[in-house]
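Student: From first to last, the protein sequence lines stand for chains A and B.
Counting from 1, position 172 in the first sequence corresponds to residue 172 in this note's numbering; the numbering is continuous, with no gaps.
Counting from 1, position 395 in the second sequence corresponds to residue 395 in this note's numbering; the numbering is continuous, with no gaps.
By construction, these hints were calculated from the structure, which means they are not laboratory data.
Quick caveat, the model's predicted, so the values are computed rather than measured.
Mixed in with the good hints there might be a few duds.
What the hints assert, rightly or not - Think about it this way: if two alpha-carbon atoms lie no more than 20 Å apart in a straight line, the pair counts; the simulated PhoX-like pairs of lysine-lysine are:
| no. | chain 1 | residue 1 | chain 2 | residue 2 |
| --- | --- | --- | --- | --- |
| 1 | A | Lys470 | B | Lys468 |
| 2 | B | Lys233 | A | Lys85 |
| 3 | A | Lys268 | A | Lys233 |
| 4 | B | Lys468 | A | Lys233 |
| 5 | B | Lys233 | A | Lys468 |
| 6 | A | Lys186 | B | Lys85 |
There are 2 protein chains.
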Amino acid sequence: MNNFSATYTDQYQLAMAQVYFKKGQKDHSAIFDYYFRKLPFDGGYAVFAGLEDLLEVISNLRFDESDLEFLQSQGFEDEFLNYLKEFRFKGKIYSVAEGDIVFPTRPILQVEANIIEAQIIETILLNLLNFQTLVATKASRIRLVAGDATLLDFGLRRAQATGGYFATRAAIIGGFDATSNVIAAKNFNIPVSGTMAHSFVQSYDDELEAFRDFAQGRPEDCVLLVDTYNTLKSGVPNAITVAKELESRRQKLLAIRLDSGDLSYFAKESRKQLDAAGLDYVKIAASNQLDEYVIKSLLEQQAPIDIFGVGTNLVTGDPDGALDGVYKLACSNGKPRIKISESIFKVTLPHKKQVFRMKDESGKCIGADAIGLYHESTVEEMFHPFEPYKSMNLEKFNQEALLHKVMENGEILIDKRSLKEISDYSMTRLSELPIEYKRFNNPHIYKIGISETLRDEREKLIQASKQKLK
Amino acid sequence: MNNFSATYTDQYQLAMAQVYFKKGQKDHSAIFDYYFRKLPFDGGYAVFAGLEDLLEVISNLRFDESDLEFLQSQGFEDEFLNYLKEFRFKGKIYSVAEGDIVFPTRPILQVEANIIEAQIIETILLNLLNFQTLVATKASRIRLVAGDATLLDFGLRRAQATGGYFATRAAIIGGFDATSNVIAAKNFNIPVSGTMAHSFVQSYDDELEAFRDFAQGRPEDCVLLVDTYNTLKSGVPNAITVAKELESRRQKLLAIRLDSGDLSYFAKESRKQLDAAGLDYVKIAASNQLDEYVIKSLLEQQAPIDIFGVGTNLVTGDPDGALDGVYKLACSNGKPRIKISESIFKVTLPHKKQVFRMKDESGKCIGADAIGLYHESTVEEMFHPFEPYKSMNLEKFNQEALLHKVMENGEILIDKRSLKEISDYSMTRLSELPIEYKRFNNPHIYKIGISETLRDEREKLIQASKQKLK
Chain A
1 MNNFSATYTD QYQLAMAQVY FKKGQKDHSA IFDYYFRKLP FDGGYAVFAG
51 LEDLLEVISN LRFDESDLEF LQSQGFEDEF LNYLKEFRFK GKIYSVAEGD
101 IVFPTRPILQ VEANIIEAQI IETILLNLLN FQTLVATKAS RIRLVAGDAT
151 LLDFGLRRAQ ATGGYFATRA AIIGGFDATS NVIAAKNFNI PVSGTMAHSF
201 VQSYDDELEA FRDFAQGRPE DCVLLVDTYN TLKSGVPNAI TVAKELESRR
251 QKLLAIRLDS GDLSYFAKES RKQLDAAGLD YVKIAASNQL DEYVIKSLLE
301 QQAPIDIFGV GTNLVTGDPD GALDGVYKLA CSNGKPRIKI SESIFKVTLP
351 HKKQVFRMKD ESGKCIGADA IGLYHESTVE EMFHPFEPYK SMNLEKFNQE
401 ALLHKVMENG EILIDKRSLK EISDYSMTRL SELPIEYKRF NNPHIYKIGI
451 SETLRDEREK LIQASKQKLK
Chain B
1 MNNFSATYTD QYQLAMAQVY FKKGQKDHSA IFDYYFRKLP FDGGYAVFAG
51 LEDLLEVISN LRFDESDLEF LQSQGFEDEF LNYLKEFRFK GKIYSVAEGD
101 IVFPTRPILQ VEANIIEAQI IETILLNLLN FQTLVATKAS RIRLVAGDAT
151 LLDFGLRRAQ ATGGYFATRA AIIGGFDATS NVIAAKNFNI PVSGTMAHSF
201 VQSYDDELEA FRDFAQGRPE DCVLLVDTYN TLKSGVPNAI TVAKELESRR
251 QKLLAIRLDS GDLSYFAKES RKQLDAAGLD YVKIAASNQL DEYVIKSLLE
301 QQAPIDIFGV GTNLVTGDPD GALDGVYKLA CSNGKPRIKI SESIFKVTLP
351 HKKQVFRMKD ESGKCIGADA IGLYHESTVE EMFHPFEPYK SMNLEKFNQE
401 ALLHKVMENG EILIDKRSLK EISDYSMTRL SELPIEYKRF NNPHIYKIGI
451 SETLRDEREK LIQASKQKLK
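In isolation and in its complexed conformation, chain A is listed as follows:
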């Protein structure tokens, strides 16, 4: 699932590349910024994910024989195809650390490469980063409300085809504990978890018999699904019988699972029945169309649920479905570039840049990132990107530079971390963010500003462009 051809791209990248090639511009340098414009889920932050996958994919990106044959059949020219035969990405990438919290309109990642290489990787870069960042952010929001509960990814069956594979990875970065997805568990070294399906219970004439067989077959991590016929009259009583039988063999039922009906009510009634039978150690797992809002509500109602299985809404990043990340040219052949747009909010930022996070003495974020030129070591005063009279003095803050070189000459420079390490890092970073940015309704808006030099550079380019249109 991690094997990508360089044809995993949009056709226009190759069309443009051929023109650059023919026009003698193949060695022109380019700098592109990756950023998004709008936070997903109307939230106050996003969790950046997908970087390690992307770097691995990029470092291995090649056109094979069949790719070149296909491109030839599409009218691409031999000389250009010979160039593609030798294609590999030899550029540099600067990036925020995977798992860090990120905000709109400021560079999360910068690509510095020749223009052809930089274009060819655009599509896969957007494809992998947009989606994993979306799902990691969703997972993080669910983790925020779920406290210490165990969170399981159950989404593969409703995922957008093989996108589910990457969704699982991102879910772990955002704070999930385990997944039902076997291939993702295997390849990404994620704890795997599962219970039983209704079909198992149905395949027996008798629920109790089904539970007994399942418990015998998997005594070490047995979770019984109790809602196939009638949760409180049949499922839970039968689970209690089996739990007692396990006790007589010095084994323990791990949990029961509720998958329908009013989860708060059924969890409370099931808990009562279990406790009355002396089974206070048996946990309650719940699933069925969960998301951060349902889980928050269940816990506010003090539903005694220990384990949440989350599927569709997690792995599809519902209700957003996509992060609007873009990849914009900031420099070409050494010259700073902007795109003027009908909307001022879409005007891009020229030049190679650095992003600084403002922190107070205790290490807490004060709620501002400043964008400067790459050679600036700090930003003394930051300006609102679109409202010229708004500015903020930053001299009293500690400034953390966020973009680090992660790839050079196409080689990965950073050590591989486990998903648990990335997830722990993400939690730490999130803990530095004040709670006002984490609430679901109207979260406080994190400030993004630009340095005076960057502002002036952009202004010069805007004026030059206006001049031309006269």
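Given the coordinates of chain A, assemble chain B onto it according to the supplied hints.
Tutor: Quick look at chain B alone, frame taken from chain A:
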């Protein structure tokens, strides 16, 4: 991208399989129904897609050495792993033809296999069919409003990671003409299409120079993106200059593309400028957050747009993100099975079944599918699945059986069709559906009923289950 391990499944499938194996039930037969409960996009129909991919994947599904090692590390037992080493799907599959229009709560596909094989393929079956059906339906809705306009899939960058690959396939089935996605175009034999990016224009000092180079590089299918600086003052005039230069070399500019601002206004103004310059053959392409509603509105405003590039909303199936398809046990070891639920609407249908589409003498759908037992050759009277007093006499209609055997002993029985053929078939089937089912607002509800025998069989099982709970 078409290579799947049998570990592309949920862990509980293997957990249950091991229990079946240990309990001597590995050769027990099972029949599962695939269906969904709710139409996507609040629409009146769905387009079934993903079948050929699924059959190919299933016929090749195996556990390799590394899979078995991983499962061993997860505590699966040696005897069972030996069984998995020889695993291949040897069952039968009955299905509606790919591209047909389908409706909620009735079987679209039935799997008949031993219980272990039937469980192991569940996850990938749901994963591939749910998503492709979602996107093919979205594409079909867009095609319905777009008339003869050219429809291009531009979605890969915002797709849910590699899900975008399958989204492209489904988009073509639903009625799209071409894609920007090179690898999908190559592997699925889809026309590939692309234009140019803003970065290309920005990388030049001068827009006109950029247009000239691009047109020289790709004279045969040149589309110029005109909104980088100023659409009407700069982009379109420069495109006109280049079109005239192409004419002097007996070449033709194919189109201009608009990607921002008010598309209706800019299309009309651009058309005027192009026509005034004698370039009435130059087409206008538009992109930027399009979906069926935006395209419908643009065409109602008579925006002269010939080509629509649709991205995010198509490939993520926005706003739904997932089809709620399920896989439910209908027979186990020869015995009919149901799942009783807290909600009557979720009670499943027992037995191996057939689905009949009712048609009038002209071949038009009358808006009803009836579900009978598999051996019933027609359904004389169909009953509402949940409201016992509602029924409908079907004797006067032509009845078309929809489920056909497409796999036997794990071998594919149907001939591979091109996506164009599947798409044409889909269009034909859709043309048999009256317009009331196709409108976007409150579409007419297609009737689904069950035969008297099926109703009685289900009732017997419900009563037996109730009896047990007493």
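Student: So, against the hints stated earlier in the document, which numbers end up violated here?
Tutor: The structure conflicts with hints 1, 2, although it agrees with all the remaining ones.
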